[in-house]
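Start from the sequences, fold in the hints, and give me the full structure.
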Amino acid sequence: MNIYALTMPNVNHWFPSNYNRGPNLLVWVALIASFVAVFIKLWTPTSLNRWPEAISTLLFIYPLVTNWQQLKKNILLKLWALAIVAPFVFFGINYLLNPEQAVKYADFEKLARIYLFFPMAWWLAGNKRSIGLLFLVAVLGLLFAIVTKPEFIDQLHTLTQGKRVDYALEPLNAQHVGLLFSLVLIGCLSYFSYWGIRSRLWLSGSLGVLVIISLISIWGSQTRAAILGLLVSGMVLFIRWLFKCGLGKSKGVSKQTWNKTFVTLVVCAVIGLGVLAANRLVVRFAPESETLNAIVHQQWDDVPYSSIGIRINTWIEAIEWIKEKPIIGYGGKVRKDVISQSPNHPEWVKERFGHLHNSFIEMTLGYGVLGTLLAFAPFIIGFSNLKRAEPPMQKIFIYSSTLFLVMSCFESYMFFWVGPYLLTIILGTYFSSIYFRDFKN
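Counted the way this note's numbering counts, the sequence shown spans residues 6 to 446.
Quick caveat, the hints were computed from the structure, so don't treat them as lab data. Don't take each hint at face value.
[Unchecked claim] Taking lysine-lysine pairs in the DSS-like style, the calculated list, with each CA pair at most 27 Å apart, reads: (1) K77 with K445; (2) K328 with K338; (3) K154 with K168; (4) K133 with K338; (5) K328 with K341; (6) K392 with K109; (7) K338 with K109; (8) K77 with K154; (9) K77 with K355; (10) K78 with K445; (11) K355 with K109; (12) K83 with K392; (13) K445 with K133; (14) K341 with K355; (15) K338 with K83; (16) K338 with K355; (17) K83 with K445; (18) K83 with K133; (19) K249 with K133; (20) K445 with K249; (21) K328 with K109; (22) K78 with K341; (23) K328 with K355; (24) K78 with K168; (25) K328 with K392.
Okay, structure coming up:
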């Protein structure tokens, strides 16, 4: 008798699945690796936290082979294959045109890493409990990363003084903090709208505490992009609610009540956040009046090198590069040269900045329009499948994606590890719920 059959509990008892994900031990290892990867990502070095991520991904080869006849039809898997192959094809073309430049700028992993959410979607099997547990582990990992920092008390003191904080989450900055806690806020409100106030007191209380922590942290990050992203998400929410009411599709008083509760919570949260952040944001926007004036009047040569102005000036330079290779780009490592080789940028800008603070521009610069379409195709597919999603995943995807896409206009999240990490959580859980909830071997 196999001793492992006696000691190893059935993984489907703890993490249910309607289909056979693989041998019991393999699925256990993959799930544990997935949860560990999400938990430790923010507070361990890349040399360590990539191991559980790699294990979870490599173990997916087994179900990929054994379920090939069904999985090969999945559009996301096809796009993932293209994301792996495309950089090599682009490199080959660029090598024929300019060998030295092609080798210098070559980067083959950026596009492929975006699709690492697919194995996560498989292992979660679309189960609501497993998905909820992954969200919980991710939030606990974020909080653990913050409270275990030696600078934590100093950061709290700085926060109480109304100054900007980043919780010492190096190499992340305050913008990343704003994004992380904005996503936590959206997740909490989405789950609250799903469970309602009639859920268990400890559950409602825990969500309430996380909402408060998120609001304070977003205010402390003083991130303009986060405020804008939340406002746009709130507008999308309000428009959807008006659209549903206008078509009369709300079924029953209880559903209308929960929808109104959700709308009220989000609007109050955003308004409250706006009030809290108003003074600090006014202070941060005040020096940008000259920059905004130049932008409004399209006086691009007169844009000063302020916080926003640096972005605008580097974007203008990047667009000139993109015009030369709009289809396939130069390669993922070109962005620094766009800044350092510019005859227009001052030396201090060339020394301090090595990226363009815009995921869309950087992706187009590195991999062209084709690469950009590959990078953001999961969002297009996700929005086209909204009717297949169940609550709360539908709301989490809509508003988290809206926030992420808006904030990606002001930071290069897709080119840092934090982008694929967040997409593993946002897209992995969402596509798990629509593709693998009713999957059959």
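Going down the list of hints, with the structure as the test:
{"no.": "1", "hint": "K77 with K445", "verdict": "14 Å, holds"}
{"no.": "2", "hint": "K328 with K338", "verdict": "17 Å, holds"}
{"no.": "3", "hint": "K154 with K168", "verdict": "18 Å, holds"}
{"no.": "4", "hint": "K133 with K338", "verdict": "39 Å, violated"}
{"no.": "5", "hint": "K328 with K341", "verdict": "17 Å, holds"}
{"no.": "6", "hint": "K392 with K109", "verdict": "45 Å, violated"}
{"no.": "7", "hint": "K338 with K109", "verdict": "7 Å, holds"}
{"no.": "8", "hint": "K77 with K154", "verdict": "44 Å, violated"}
{"no.": "9", "hint": "K77 with K355", "verdict": "46 Å, violated"}
{"no.": "10", "hint": "K78 with K445", "verdict": "14 Å, holds"}
{"no.": "11", "hint": "K355 with K109", "verdict": "18 Å, holds"}
{"no.": "12", "hint": "K83 with K392", "verdict": "22 Å, holds"}
{"no.": "13", "hint": "K445 with K133", "verdict": "17 Å, holds"}
{"no.": "14", "hint": "K341 with K355", "verdict": "8 Å, holds"}
{"no.": "15", "hint": "K338 with K83", "verdict": "25 Å, holds"}
{"no.": "16", "hint": "K338 with K355", "verdict": "15 Å, holds"}
{"no.": "17", "hint": "K83 with K445", "verdict": "19 Å, holds"}
{"no.": "18", "hint": "K83 with K133", "verdict": "26 Å, holds"}
{"no.": "19", "hint": "K249 with K133", "verdict": "25 Å, holds"}
{"no.": "20", "hint": "K445 with K249", "verdict": "33 Å, violated"}
{"no.": "21", "hint": "K328 with K109", "verdict": "20 Å, holds"}
{"no.": "22", "hint": "K78 with K341", "verdict": "39 Å, violated"}
{"no.": "23", "hint": "K328 with K355", "verdict": "22 Å, holds"}
{"no.": "24", "hint": "K78 with K168", "verdict": "52 Å, violated"}
{"no.": "25", "hint": "K328 with K392", "verdict": "38 Å, violated"}
Against the hints set out earlier in the document, violations occur for numbers 4, 6, 8, 9, 20, 22, 24 and 25.
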